[in-house]
Amino acid sequence: MQPLLEVQGLEVSFAKRPVLRGVSFTVAPGETLGIVGESGSGKSVTALSIMGLLSWPGRVTGGRVLWHGEDVLGLPADARRRLRGSAMAMIFQEPMTCLNPVYTVQQQISEVLMLHRGMNKKEAAEAAAEYLQQVGIADPKARLRNYPHELSGGMRQRVMIAMALAGEPELLIADEPTTALDVTVQAQILDLLKRLQAETGMAMILITHDLGLVAENADRGIVMYAGEVVEDGKVDELFTAPAHPYTQGLLQSLPRWGEQQDMLYSIPGTVPRNLANITGCAFAERCPLATEKCSEPQVMHSISVTQTARCWRAQGQGGEAEWQRQGK
Amino acid sequence: MAKTGQVAIEVKDLEKVFPVRGGLFSGPKGEVRAVDKVSFQLKVGETLALVGESGCGKTTVARMLAGLEKPTGGSVILNGQQLDFDAKATPRLLQETAQMVFQDPYATLNPRMTVGKSVEEPLIVRRYAGDRRQRVKELFAAVSLDQEMIDRYPHQFSGGQRQRIGIARALASEPKILLCDEPTSALDVSVQGQVLNLLKELQQKHGISYLFISHNLSVVWHISQQVAVMYLGKIVEMGSREAVFLKTAHPYTKALLAASPKVAPGQKQERIVLSGEVPSPLNPPSGCRFHTRCPYARDICREREPQLQDLDGGHQVACHLIDEI
Chain S
1 MQPLLEVQGL EVSFAKRPVL RGVSFTVAPG ETLGIVGESG SGKSVTALSI MGLLSWPGRV
61 TGGRVLWHGE DVLGLPADAR RRLRGSAMAM IFQEPMTCLN PVYTVQQQIS EVLMLHRGMN
121 KKEAAEAAAE YLQQVGIADP KARLRNYPHE LSGGMRQRVM IAMALAGEPE LLIADEPTTA
181 LDVTVQAQIL DLLKRLQAET GMAMILITHD LGLVAENADR GIVMYAGEVV EDGKVDELFT
241 APAHPYTQGL LQSLPRWGEQ QDMLYSIPGT VPRNLANITG CAFAERCPLA TEKCSEPQVM
301 HSISVTQTAR CWRAQGQGGE AEWQRQGK
Chain W
1 MAKTGQVAIE VKDLEKVFPV RGGLFSGPKG EVRAVDKVSF QLKVGETLAL VGESGCGKTT
61 VARMLAGLEK PTGGSVILNG QQLDFDAKAT PRLLQETAQM VFQDPYATLN PRMTVGKSVE
121 EPLIVRRYAG DRRQRVKELF AAVSLDQEMI DRYPHQFSGG QRQRIGIARA LASEPKILLC
181 DEPTSALDVS VQGQVLNLLK ELQQKHGISY LFISHNLSVV WHISQQVAVM YLGKIVEMGS
241 REAVFLKTAH PYTKALLAAS PKVAPGQKQE RIVLSGEVPS PLNPPSGCRF HTRCPYARDI
301 CREREPQLQD LDGGHQVACH LIDEI
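Residue numbers (our numbering), protein chains in the order written: chain S, 1 to 328; chain W, 1 to 325.
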């Protein structure tokens, strides 16, 4: 089956500083892909590049983003704008960065419907109420007249999701959608996203720093570090048999309730700030297993049919990953 | 030095009411009971965690104990003596006993002051007699920061390092109690462990007590011995961490535990998803404050407010339906 989205060797620089250094992954139709990584690892930049929302001084300097097999990076601006909102939509951590404070909820949802679905004003108003109902907002007719500041955090998040859904996207990119919310509201929003996904069959990219959210909500996950994908696999594989030392370290450093741990593991050192001069493994300086071999460039190695890791130690079973052989 | 097991600080029926003003002449419009009759004991060398969602009053409790906010009712007992909230010396007395560690250390460090100067300030305030710079170096060593770094500015540090500077500054006053308000929420997972380990080490070495505020239940489990769960200004469940986490009695605690994401794929448990959001504290629900979101609520929950009752060995719960669910 052809993937819905295929990112191949995506490279992004801010001014002359590299931020993404060859990011590759795929998203199948209807699938949920989790992207985890610490701050500065390039999760959000990846999402913005796919959406075509990268702004100056950020610039795509290499690689391809294939949507249904067609490269969208070279498309003219108005063609990308048509894709955005109807084919792919994005929701953000802080809904106020996405909602316009001087327009009512109705005006903002209607805009999507009129622009992408060709509805007239009256049809759009009715459909907007339906979308609010769908995202679990009580009394949608009254809420349509509200301005964003009149709504609570969880409600704003729902309005933003309603706006994203209004374009009937095939792919929804959710960038830390629940980080600003309380845990009980977070659970509501994630349940809502899951239900909507089951109803519409859309695929989802869930970007988060919370490993638990990926474990509970995604089918597959990729782990990013210093602008690269270091591990890619099914959620069960990533969390029960992580192959990259960074993934292993992250999992070890989590406190888990119910278990007795005296001291927590923590990865020594910090994330590298300048990625320009990295030639070998970016994690080597913090890796407890690092050897001389780590200063050479690392490629993704297959651990199983579905799991790959960017570490020569993982080489044992599968050799270089399938897509890399094809790419050569 | 006080011995482990003794009470470091005790609060009884602590209350904080904020007046709400509004309208044309900013007249009084109502009041918010941010903290409503909260009682607990914090023992020497122990950690008590306050858990709850935003607006439940956990930070207000900490700010009152830090002397930053004046309680409007109840009592605070320090060294066997009840504090007089109106006395001028009380905030100072509290500040000598308890110091706060904040969530975002970058926001609480002066960007134009070297971090060494920031850590030195409390020493100046309390007229430290010895060599202040030497003491700052000792404090840096205590939080495992390189002493060479004391003349640098906050922006030159990573998040985890800044949080250690925040802890060093709090320790400068040699407090008996640290009030930690979400100290690791702004940190990445890989450095969160460093800060939690440091807090544990300091506690073992110096016998400091922690009031630890967090919404991350895994972190709470890791660091604390006692846990109190708050909802809309009230404690709804309190006890040892084993009692609260493993013999959970209150429906709200159950929902919180169920909603916090766990890294254990495959064993996805049935979760109680609460409907709605936390009601406005301006107009809290009648009876049990949780009844609007509680899946088990009955008539009695709407009418009568449940009191904290002892289950066993200090495990307290405020719920009418405790025998049924």
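These aren't lab readings, by the way, just hints derived from the structure by calculation. Small disclaimer: the values here were computed from a predicted structure and weren't measured. From the three backbone atoms N, C-alpha and C, an ideal C-beta is built for every residue, glycine too. Hints may contain errors.
[To be verified] Just so you have them, the derived chain W footprint on chain S, three or more residues with Cβ under 8 Å:
hint	segment
1	17–25
2	183–190
3	252–259
4	264–271
[Stated by the list, open to error] Chain S side only, calculated, beta carbon under 8 Å to chain W, not exhaustive:
hint	residue
5	P76
6	N146
7	P148
8	E150
9	S152
10	F239
Each hint, compared with the structure:
no., hint, in the structure
1, 17–25, "violated (count 0)"
2, 183–190, "holds (count 6)"
3, 252–259, "holds (count 6)"
4, 264–271, "holds (count 6)"
5, P76, "39 Å, violated"
6, N146, "15 Å, violated"
7, P148, "16 Å, violated"
8, E150, "13 Å, violated"
9, S152, "6 Å, holds"
10, F239, "5 Å, holds"
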